[in-house]
Amino acid sequence: MSLIAAGVHSATLPDNCLVRNDWVCPLYVETRSDVLLGALGQHLYLVLVSLAVGVVLAVPLAVLAHRVKRARGLTLGVTTVIYTIPSLALFILLLPMTGLTSTTVVIALALYSLTILVRNILVGLDGVDPEVRDAAAGMGLSSWRTLWRVEAPLALPSAMAGLRVAAVSTVALATVGAIIGQGGLGNLITTGYSSNFNAQVLTASLLCVVLAVVFDLLLLGAQRLATPWRRGQR
Amino acid sequence: MDWLTGIPAWFADPANWRGDAGVPTLFVQHLGYSAASLGLACLVALPVGVWLGHTGRGGVLAQQIGNAGRAVPVLALLGILLLVPGFGRTWWTLILCFTLFAVPPVLTNTFTGMREVDRGAVDAATGMGMSASEVLRRVELPLATPMIMNGVRQAAVQVVATTSIAAIFAFGGLGRIITRATGSAGIDLSAALAGTLLIAAFALAVEYGLAWAGRRADPVARARRAARKRSGRVGSSGGAGAVTTS
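Quick mapping for you: the protein sequence lines, in order, are chains A and V. Sequential numbering of the first sequence, starting at 724, is according to the working numbering. Sequential numbering of the second sequence, starting at 143, is according to the working numbering.
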């Protein structure tokens, strides 16, 4: 098609995957490793901080919802509303408070993970056999000790399943933070897209998926370690 | 606090309601993309989910598709597909992408709903002499309806959110109001927040509208309501649904 053009260009431009705009380009990874690592670092920061905030808030909320009937309806109602609001909208909704900072993204992502976690912890607590609870009371355990020693371990598998879903979807959702320039790998995807830079879009996208899978496997491992009594089942 | 007073002013400005970039046009675009993708996804995922659930095969596949759907960022898939020659920047690419994200919730929920139908009920129906297709139509599908509708609702909310994100790639829909207001020149906070309110309201209307439709469509709940009406008792219960992985 463009033999002449290629002939002209070969004199001025080196022929490599960056120039050809290939999707898979090792040279891109080599030459832009600092940019990639920076974006990956921000992505990790967004995910880890928002998951941590989500867990810290979700546990007491779920326990409260489990014990107080009125708090239960309120918690479920509010979390449903939060989860329904699209990420693009939620990021913008927080702008007046926190501005164009990564805090905006962290708060939004923490709210989403909080929603998933509260529901799963609540399902786990609800699933505890009432007879087990009675037995704990009969053995003289206080209500808080029952929670810590009996209910928490039994609710752990459901809670961990929720944490895995929250982690995987937070990794994916963090990219949308690019709308305010704070999306970690998402920034590379949007800037790569607008400049038709194929290698950057594909590399950042693949890194996102790999990151999600790594989080999932790490949490699966943690779940196995934390619930040794379930090993061998299923 | 200028941005706060700017929001009603934005809604009051007739310029925001007219033409190609007006709210009605953007809303129709948003609704059209979402409805087309959700319809396509249901067309694919409902029969497959029902069949897999009915036969009990492919459970791992149905779960894995659900997990994969969560792990792939919308932004990534959309960015890649729009750059791939052959797909390109067409609305077909958009609808294909949205459909891919709507399939997993419908598929996994339909499969789970079909699998969780009480085996005793299926055995009883078979014992009463129902054929396999009668068991499917008159026992399994009605009992699986709440879960199936749950999946359709999740998919619908997902599609509305995904369609908003498409505006980052300069497509239409309500997200356009937000992306238009956020540029390198700074942010028009009032306009962005007005767009946010519209998107959030749309998503919530879809969530609660389909939740209501799901309750209406559930044959078991309908029979219970009828029975309650006859005996004159009123009551309801709500539970938390777990978000699962496997």
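In short, the hints are calculated from the structure, not lab data. No experiment lies behind these values; they were computed from the predicted model shown. Any given hint could turn out to be false.
Some chain V residues flagged as far from chain A (calculated, every beta-carbon gap over 12 Å) [unchecked claim]:
#, residue
1, 173
2, 177
3, 185
4, 212
5, 237
6, 266
7, 274
8, 281
9, 308
10, 312
11, 321
12, 336
13, 338
14, 349
15, 367
Now the stretches of chain V that chain A is said to cover, found in silico as 3 or more residues with beta-carbon under 8 Å [said to hold, decoys possible]:
#, stretch
16, 160-172
17, 193-199
18, 292-303
Ideal Cβ placement from N, Cα and C applies to all residues, glycine included.
Hint by hint, here is what the structure shows:
No beta-carbon of chain A is positioned within 12 Å of the beta-carbon of residue 173/V; the least distance is around 14 Å. No Cβ of chain A approaches the Cβ of residue 177/V within 12 Å, the least distance being about 16 Å, so the stated non-interface status holds. Non-interface status of residue 185/V relative to chain A is upheld: no Cβ of that chain comes within 12 Å, the nearest being about 24 Å off. Residue 212/V, annotated as away from the interface, has a beta carbon of chain A within 12 Å; the closest lies near 5 Å.
Non-interface call for residue 237/V relative to chain A: holds, since the shortest CB-CB distance, roughly 18 Å, exceeds 12 Å. Residue placement check: residue 266/V keeps its beta carbon more than 12 Å from all beta carbons of chain A (closest about 27 Å). Against chain A, the non-interface label of residue 274/V holds: every CB pair exceeds 12 Å, the least being about 29 Å. No beta-carbon of chain A comes within 12 Å of the beta-carbon of residue 281/V; the shortest separation is about 27 Å.
At the 12 Å boundary, the C-beta of residue 308/V falls inside the reach of chain A, the nearest C-beta of that chain being 10 Å off. Once the 12 Å rule is applied to beta carbons, residue 312/V is inconsistent with being away from chain A; the minimum gap is 9 Å. Distance to chain A contradicts residue 321/V as a non-interface residue, since its nearest Cβ pair spans about 7 Å, not more than 12 Å. Its beta-carbon lying about 10 Å from the closest one in chain A, residue 336/V breaks the requirement of being farther than 12 Å from that chain.
Once the 12 Å rule is applied to beta carbons, residue 338/V is inconsistent with being away from chain A; the minimum gap is 4 Å. Taking the minimum C-beta to C-beta distance to chain A, about 4 Å, the non-interface status of residue 349/V is violated against the 12 Å cut. Residue placement check: residue 367/V keeps its beta carbon more than 12 Å from all beta carbons of chain A (closest about 21 Å). Three residues within the 8 Å Cβ limit are the bar, and the stretch 160-172 of chain V against chain A gives 0, so the coverage statement is violated.
Counting residues of the stretch 193-199 of chain V whose CB falls under 8 Å from any CB of chain A gives 0; the rule of at least 3 is not met. Note: the stretch 292-303 of chain V has 3 residues with beta-carbon separation from chain A under 8 Å; the three-residue rule is met and the coverage holds.
Checked against the numbered hints given earlier, the structure breaks hints 4, 9, 10, 11, 12, 13, 14, 16, 17 and satisfies all the rest.
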